[in-house]
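Here are the chains, one letter per residue:
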Amino acid sequence: MSYYELVSAFPESSASASRLALRARQLGYAGIIICNRDPARIFMQEAAQMIKGIDVVVGAEAGCEEAGAANRAAGRSGGCRALKSRIGSLRSKYPFLMVRGYSDEAVRTAAEDPNVDMLIHPCEGRRPLTIATARASRQNSLAMGFDLSPMMLMRGSPRARWLESLRHNLDLVRKFHLSIMITAGASSHLDLRSPRDLMAMAEIAGFEAGETEQALSLPGRLVDLNCRKWAGPGVEIL
Amino acid sequence: MRSRLPVLRDRRRYMAFEIEAEGELSPKDLMSEIHSSQFSLFGDAGAGQNRLKLICFDGRRGLLRFGHRYLKETRATLASIRSVRGIRAALHTKGVSGTIKCAREKYLPRLSKICAESDGRRIELKDVSGCIIRTHGVRVDLCPDDRSKSTGSDTQFLGLTSFDLSGGHEDADGTADGL
Numbered sequence: 001m002s003y004y005e006l007v008s009a010f011p012e013s014s015a016s017a018s019r020l021a022l023r024a025r026q027l028g029y030a031g032i033i034i035c036n037r038d039p040a041r042i043f044m045q046e047a048a049q050m051i052k053g054i055d056v057v058v059g060a061e062a063g064c065e066e067a068g069a070a071n072r073a074a075g076r077s078g079g080c081r082a083l084k085s086r087i088g089s090l091r092s093k094y095p096f097l098m099v100r101g102y103s104d105e106a107v108r109t110a111a112e113d114p115n116v117d118m119l120i121h122p123c124e125g126r127r128p129l130t131i132a133t134a135r136a137s138r139q140n141s142l143a144m145g146f147d148l149s150p151m152m153l154m155r156g157s158p159r160a161r162w163l164e165s166l167r168h169n170l171d172l173v174r175k176f177h178l179s180i181m182i183t184a185g186a187s188s189h190l191d192l193r194s195p196r197d198l199m200a201m202a203e204i205a206g207f208e209a210g211e212t213e214q215a216l217s218l219p220g221r222l223v224d225l226n227c228r229k230w231a232g233p234g235v236e237i238l
Numbered sequence: 239m240r241s242r243l244p245v246l247r248d249r250r251r252y253m254a255f256e257i258e259a260e261g262e263l264s265p266k267d268l269m270s271e272i273h274s275s276q277f278s279l280f281g282d283a284g285a286g287q288n289r290l291k292l293i294c295f296d297g298r299r300g301l302l303r304f305g306h307r308y309l310k311e312t313r314a315t316l317a318s319i320r321s322v323r324g325i326r327a328a329l330h331t332k333g334v335s336g337t338i339k340c341a342r343e344k345y346l347p348r349l350s351k352i353c354a355e356s357d358g359r360r361i362e363l364k365d366v367s368g369c370i371i372r373t374h375g376v377r378v379d380l381c382p383d384d385r386s387k388s389t390g391s392d393t394q395f396l397g398l399t400s401f402d403l404s405g406g407h408e409d410a411d412g413t414a415d416g417l
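Residue numbers (the working numbering), protein chains in the order written: chain A, 1 to 238; chain B, 239 to 417.
Read the hints as simulated data drawn from the structure, not as lab findings. Note that the coordinates shown come from a computational prediction; the quantities given were computed from them, not determined experimentally. Just to be clear, a hint being listed does not mean it is correct.
Below, computed lysine-lysine pairings styled on DSBU-like, alpha-carbon distance capped at 30 Å [to be verified]: (1) B/Lys291 to B/Lys344; (2) B/Lys344 to A/Lys52; (3) A/Lys175 to A/Lys52; (4) B/Lys332 to B/Lys310; (5) B/Lys332 to A/Lys52; (6) B/Lys310 to B/Lys291; (7) B/Lys344 to A/Lys93; (8) A/Lys229 to A/Lys52; (9) B/Lys364 to B/Lys332; (10) A/Lys84 to A/Lys52; (11) B/Lys310 to A/Lys175; (12) A/Lys52 to B/Lys364; (13) B/Lys339 to B/Lys291; (14) B/Lys266 to B/Lys344; (15) A/Lys175 to A/Lys93.
Label-pair distances were calculated between CB atoms; the ranges are [unchecked claim]: (16) B/Cys369 to A/Arg228: 26 to 34 Å; (17) A/Ser141 to B/Asp383: 44 to 52 Å; (18) A/Asp38 to B/Lys310: 31 to 39 Å; (19) A/Leu238 to B/Leu292: 50 to 58 Å; (20) B/Ser321 to A/Gln214: 26 to 34 Å; (21) B/Lys344 to A/Gln214: 44 to 52 Å; (22) A/Ile237 to B/Ile325: 46 to 54 Å; (23) A/Leu153 to B/Leu243: 40 to 48 Å; (24) B/Ile325 to A/Gln214: 47 to 55 Å; (25) A/Phe176 to B/Gly333: 33 to 41 Å; (26) B/Lys310 to A/His177: 20 to 28 Å; (27) B/His273 to A/Met50: 36 to 44 Å.
A virtual CB, placed ideally from N, CA and C, is assigned to each residue, including glycine.
Start from the sequences, fold in the hints, and give me the full structure.
In structure tokens, the structure reads:
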């Protein structure tokens, strides 16, 4: 199986794309997908292509946390429109597009947009995954991403609450047959974990063994599909 | 605990691991962090069933003993460690074996001397500048002048490679590869 991991590269994290690629190759990944909020400003992106034996794909994260917060503060609901336009502008340029659900608005907008590949839902007790979001994700073939970094970052009761929320979201994802992805949410080369370690962590968190393997290989399959030219659903230009 | 009959003894496995950290770590600190992670993740009852013991640790690679039925739990325990006494670290499992001898032969080769240089060489590039802390092969750890460059990930240093530094800025001292 060829496993892929989602990472953020410098300047949005503390490791360059080539360092992340080097570490990921040592850990046994077939490729990494760099998902920065501003993919045009990745530091020495071409240096990462020089690392042999690993596929380095530049994707994008369509997050508008700042825009959403500013609009909420001003009493407007324009964050949704800003996110939609950002998704539209990034889709044609990058083969992988993900959205982090910082707010309910962002989650709903992303779930209803077929241009998005993956939605990372924050597993928070106060904002669980809703049936409407799960149904919309199913209709638009979105994969649901689970960021396992809180498992490393948190200890004690916050982690217990996060695990409870994750199990709740996972039940809903299984009910609606959504595709699952897991990631360590690496913002440094020290945050990367090997596929086996990530699978062990996911299984402790409540995933099943088959699900974790599929979850780690799904990003690679999606990138492969998005890189091909499609004239319409099921019609490929060769 | 020693059992009366050898057949009743718990079967053991040995996990070889490698640590990547921003500083020097002692075996005592590492073991206390591993125990803390295990207690936090599985509780007292879980930790009682799977007793972990550090067999050896040379500062970079080590060997950990665990119960043969708890491979997944032990992997998760090591993977959920993020820092050891405030020093950012990452533990990666190299492999698992049934005997100490076999684990040493397969996964713990004789250590080569690590080139740890901190001779005050500087990097001056358009996007990043700072002092080199250490280099391991093509890997370079850099202490940035602007400390806000590594905020959000709790690391002291920026992780770069020599590929990032090729074709360096004209103000960079040293060779043409930017070092």
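- request: Could you work out which earlier hints the structure fails to respect and list their numbers in ascending sequence?
  value: Hints 3, 7, 9, 10, 15, 16, 21 and 24 not satisfied by this model.
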